[in-house]
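Participant: Here is what each chain is made of, one letter per residue.
Protein chains: 2
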Amino acid sequence: MAKGKGEVKHIFLAQFKEGITDEEKEECIKRFQSIVPHFPSLKTFKWGEELSIANFDQGFTHVFDLTFESVEGVAQYISHPEHVAYAEFFLPKLEKFVAVDYTPK
Amino acid sequence: MAKGKGEVKHIFLAQFKEGITDEEKEECIKRFQSIVPHFPSLKTFKWGEELSIANFDQGFTHVFDLTFESVEGVAQYISHPEHVAYAEFFLPKLEKFVAVDYTPK
Numbered sequence: 001m002a003k004g005k006g007e008v009k010h011i012f013l014a015q016f017k018e019g020i021t022d023e024e025k026e027e028c029i030k031r032f033q034s035i036v037p038h039f040p041s042l043k044t045f046k047w048g049e050e051l052s053i054a055n056f057d058q059g060f061t062h063v064f065d066l067t068f069e070s071v072e073g074v075a076q077y078i079s080h081p082e083h084v085a086y087a088e089f090f091l092p093k094l095e096k097f098v099a100v101d102y103t104p105k
Numbered sequence: 001m002a003k004g005k006g007e008v009k010h011i012f013l014a015q016f017k018e019g020i021t022d023e024e025k026e027e028c029i030k031r032f033q034s035i036v037p038h039f040p041s042l043k044t045f046k047w048g049e050e051l052s053i054a055n056f057d058q059g060f061t062h063v064f065d066l067t068f069e070s071v072e073g074v075a076q077y078i079s080h081p082e083h084v085a086y087a088e089f090f091l092p093k094l095e096k097f098v099a100v101d102y103t104p105k
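The listed protein sequences correspond, in order, to chains A and B. Residue numbers for the first sequence follow our numbering, so the first one is 1 and each next one is one higher. Residue numbers for the second sequence follow our numbering, so the first one is 1 and each next one is one higher.
Simulated from the structure, these hints should not be mistaken for laboratory data. Since the structure is predicted, the reported quantities are computational estimates derived from the model, not experimental observations. Hints may be right or wrong, so weigh each one.
Any copy, or any two copies together, can satisfy a pair, since identical chains are not distinguished.
Simulated pairs of lysine-lysine, DSSO-like, Cα-Cα distance not exceeding 30 Å [claimed, not checked]:
id	residue 1	residue 2
1	105	93
2	30	46
3	17	30
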């Protein structure tokens, strides 16, 4: 694990499986938001639907944009039981996903 | 093209090809930064190296995080000759990339 100084952005791109309804997508987003208070290092949580301005989105439909205070905060988030339980609910609904972390310069 | 109100985040994930040197990567980042002043709608440009905190990065090594004032600003950026010229320099050095746009909620 690389070390980073300063805040860390955690960007999660998701493509829902075909057949997942709008209501199920909304529930995924609401449950994602509901776990935020468990993580003191998690400073901001934002999300948005992919706008298809260019054609380089590789099918991803949703973006989740989390800002943590530190690398350690992201690591704690990933292994925390609340996040693990949410991932077990959320990930089976996805066709694919990718998550990256970086310290913005 | 979907319409979005308010600022639009343009997130670009890149994986450089094997054999691309650190100096070439630095040149890519510098040239990317150098085209920013051509786009009045481009409010912030940040980038960072992927920190590999989790193992869901699918091989992506660099993140570029641009904030535009509007959907129209992103569309102008994508089709602008300065961006097109940069893309012709940059993209052949990449193993893969993905770009998504969203209005953060």
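Participant: Now look at each hint and say whether the structure bears it out.
Facilitator: A quick look at each hint next to the structure:
no.	hint	result
1	105 <-> 93	between (33 Å within a copy, 22 Å between copies)
2	30 <-> 46	both (12 Å within a copy, 28 Å between copies)
3	17 <-> 30	within (18 Å within a copy, 38 Å between copies)
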